[in-house]
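Just so you know, the sequences run in chain order A and B. Each residue of the first sequence is one higher than the one before, counting from 891 in my numbering. Each residue of the second sequence is one higher than the one before, counting from 2 in my numbering.
Certain hints may be false.
[Said to hold, decoys possible] Pairs of lysine-lysine, DSSO-like flavour, derived with a Cα cap of 30 Å:
#1 A:K898 x B:K61
#2 B:K161 x A:K1125
#3 B:K157 x A:K898
#4 A:K1092 x A:K1082
#5 A:K1056 x A:K1082
#6 A:K1056 x A:K1092
#7 B:K157 x A:K1136
#8 B:K157 x A:K1125
#9 A:K1040 x A:K1056
#10 B:K161 x A:K1040
#11 A:K1079 x A:K1056
#12 A:K898 x A:K1040
#13 A:K1040 x B:K61
#14 A:K1125 x B:K165
#15 A:K1079 x B:K61
#16 A:K898 x B:K161
[What the hints assert, rightly or not] Simulated DEER-style distance windows between Cβ atoms:
#17 A:L1275 x B:D7: 48 to 58 Å
#18 A:N892 x B:G135: 16 to 26 Å
#19 B:G135 x A:R1105: 39 to 49 Å
Everything labelled a hint here was simulated from the structure, so no lab data went into it. Glycine included, C-beta positions come from ideal geometry on N, C-alpha and C.
One-letter residues, chain by chain:
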Amino acid sequence: MNNDQIFKDRARVLDEDLAGRASTAGADALLAEIVALERVPARRRLLPSRRKMAGRALLGLAAAAAVAVIGPAMQSDSTISVAPQPSTSASAAAEPTARQILLAAAVAVEKAPASGDYWRTAIVARWMLTDPTRSYVLEGRRSLETWLAKRPDLQYWRIRQDLGVKPATPQDEAAWRAAGAPTSWRYPKDMKTDQLFSVPFKPLRAAAGERTAERLHGTWKGSAGDLAGDSMTWKEVRAIPGEPGKLRSYLEERIGRLEPAGSGMDVEEARAHILLRECVGLISGLPASPEVRASAYRILASLPGIRAEGEMTDPLGRRGQTLGYQEETEPGLFTRVQLVVDPSTGLLLAEVRTNTTELANGRQAELRLSTSFQAIGWTDDRPELPTHRN
Amino acid sequence: MSERDDRSRFEAVYRRTYEQILGYAVRRCSSPEDAADVVAETYVIAWRRMTDLPDGEAGKLWLYGVARRVLANHRRSERRRLTRHTELTGEVEHLYTTPSHHGEQDGVDEAMGMLSDSDRELLALTLWEGLDPGEIATVLDCSRNAARIRLHRARKRFAKALEKTRPSAARFASRPLIERESR
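Please work from the sequences and hints to get the whole structure.
Quick look at the structure:
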């Protein structure tokens, strides 16, 4: 066989699979979403966050800009501030700092099992959006398990289930009842979302779905996950250096290879943010060694802009210590991010992103996106496969 | 140009190029979420920079160039959220879970893995995206001649890598009978 053909045969999808894709619901939804975006992100240039601060990158910048709006001041020269919350000021002195929490997590995660048949991640994702009339907030939930195997004789699996949609809070439930307690919602294509959620293209339904398993094919096979935009083989993940200084250089080198995507983001700003996200990714997403994950916590502990916010209950009702920072989700749009960590196991319990929106009656409502981790780590268990498979 | 004109022009470009950009992303990303994000981000950039977007076929090549940079960088703009582009991700997932047309061939992935990113991308642009050297030159922003030479070298390196990763296949060509029996 000709080598060109061999290469060609490796394509994940062929052109014939793609025929007719330009007019699917997904293509329509994306088009509607894009043309609703502001054309020129001009606001961005006016933000004080654009000010250059030598050597101090995005987190500081984004945090400084957002903090100026929401309250407690952060000293620009302090790497980590204790940042007592107004409500907990009495016990503020006893609250651990972000650095202390992250270092405790680093020590704990070093003791996690270092191998097994499967690298398993089980999450529950929750997201909020308003109903089509903006009268109340709805929350959708979905569970997702990913089973990645090092051994070539084991299958990669992904098991998912839509867990249904319902009013987000008791207040929303009252408004939903007043609206006749609908169990499905049809959204106008051009609905205003302030870019805080995507408009469901098909009617949104309250009912939960079936648990469905998919066997993963193609380049999933042999992949252990992603780092800095690249798929990583098991061998590459094993080769990630465990010592904090070396890990940081390794990550910075990879991040340095990324090209600015023309999205208007300041390069330094983007890189600092990517470093933070890669560390979170190493902790929550990749089958990296316990030492690497511990070092990722140690790098996080050294970054500016991460603040301790005290104890919090995660979306699954588990208690953990909260670390917060600000993220510029869209130009000029800041999102509050909270990482909930269990310092005794070193596991990330949840990531919660919060924005605020105004409902039709003027009520300010929080729109949260969260990922709660039920399991991250090695196991010799096998996935419980539902009868329904794709 | 009025906003309405912009919209209809963008919509026309989007409909005309969508399948190709989707294919570009799906063939290169290891997960449907990533592929959906690359497609979405590519068109967001196109929308924001529409004054730079050339008309006609050149527009498609320009979009490939944007998609290539997005792919190199996409992962981290925190726009990728499980909940954004749910429809699109769902559709892309189908492309990932359909059993592939091709049989798994020994050593091909390894051979592709031995190539540099730029060699792999050159071969992909010509064999997956079906671009000729002139078009590749536009996407990669180099001269047509440079594209032709680099493509030639990439082909040679791929052939070499294949020989290394599938010695049995190389021998198969010269000693078909023996090889077939020993399998």
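We went through each hint and held it up to the structure:
A hinted pair counts as satisfied when its Cα atoms are at most 30 Å apart, and K898 (chain A) with K61 (chain B) qualifies at roughly 21 Å. Distance restraint check for K161 (chain B) and K1125 (chain A): the Cα-Cα separation of roughly 23 Å lies within the 30 Å cut-off, and the hinted pair is therefore satisfied. Using a Cα cut-off of 30 Å, the hinted pair K157 (chain B) and K898 (chain A) holds, with the two alpha carbons roughly 15 Å apart. Proximity of K1092 (chain A) to K1082 (chain A) is assessed by CA-CA distance (about 17 Å); at most 30 Å being required, the pair is judged to hold.
Between K1056 (chain A) and K1082 (chain A), the direct Cα distance comes to roughly 21 Å. Compliance with the 30 Å bound is thereby established for this hinted pair. Straight-line distance between C-alpha atoms of K1056 (chain A) and K1092 (chain A) comes to about 17 Å, which keeps the hinted pair within the 30 Å bound. A threshold of 30 Å between alpha carbons decides the hint, and for K157 (chain B) with K1136 (chain A) the separation of about 36 Å lies outside it, so the pair is violated. Proximity of K157 (chain B) to K1125 (chain A) is assessed by CA-CA distance (about 26 Å); at most 30 Å being required, the pair is judged to hold.
Between K1040 (chain A) and K1056 (chain A) the alpha-carbon distance is near 39 Å, which puts this suggested pair outside the 30 Å criterion. Simply put, K161 (chain B) and K1040 (chain A) have alpha-carbon atoms about 28 Å apart, close enough for the 30 Å limit, and the pair holds. With a CA separation close to 21 Å, the supplied pair K1079 (chain A) and K1056 (chain A) stays within the 30 Å bound. Taking the CA atoms of K898 (chain A) and K1040 (chain A), the gap is about 27 Å. The hint holds against a cut of 30 Å.
For the given pair, K1040 (chain A) sits about 39 Å from K61 (chain B) by alpha-carbon distance, which is inconsistent with the 30 Å threshold. Straight-line distance between C-alpha atoms of K1125 (chain A) and K165 (chain B) comes to about 19 Å, which keeps the hinted pair within the 30 Å bound. Of the supplied pair hints, the one linking K1079 (chain A) and K61 (chain B) holds, its CA atoms being roughly 27 Å apart against a limit of 30 Å. A C-alpha spacing of about 17 Å is found between K898 (chain A) and K161 (chain B), which places the hinted pair at or below 30 Å, so the restraint holds.
Restraint check, L1275 (chain A) to D7 (chain B): a C-beta distance of roughly 49 Å satisfies the suggested window 48 to 58 Å. For N892 (chain A) and G135 (chain B), the hinted distance range of 16 to 26 Å is satisfied, since their beta carbons lie about 23 Å from each other. The beta-carbon spacing between G135 (chain B) and R1105 (chain A), approximately 41 Å, falls within the hinted interval of 39 to 49 Å.
Hint violations for this structure: numbers 7, 9, 13, all remaining hints satisfied.
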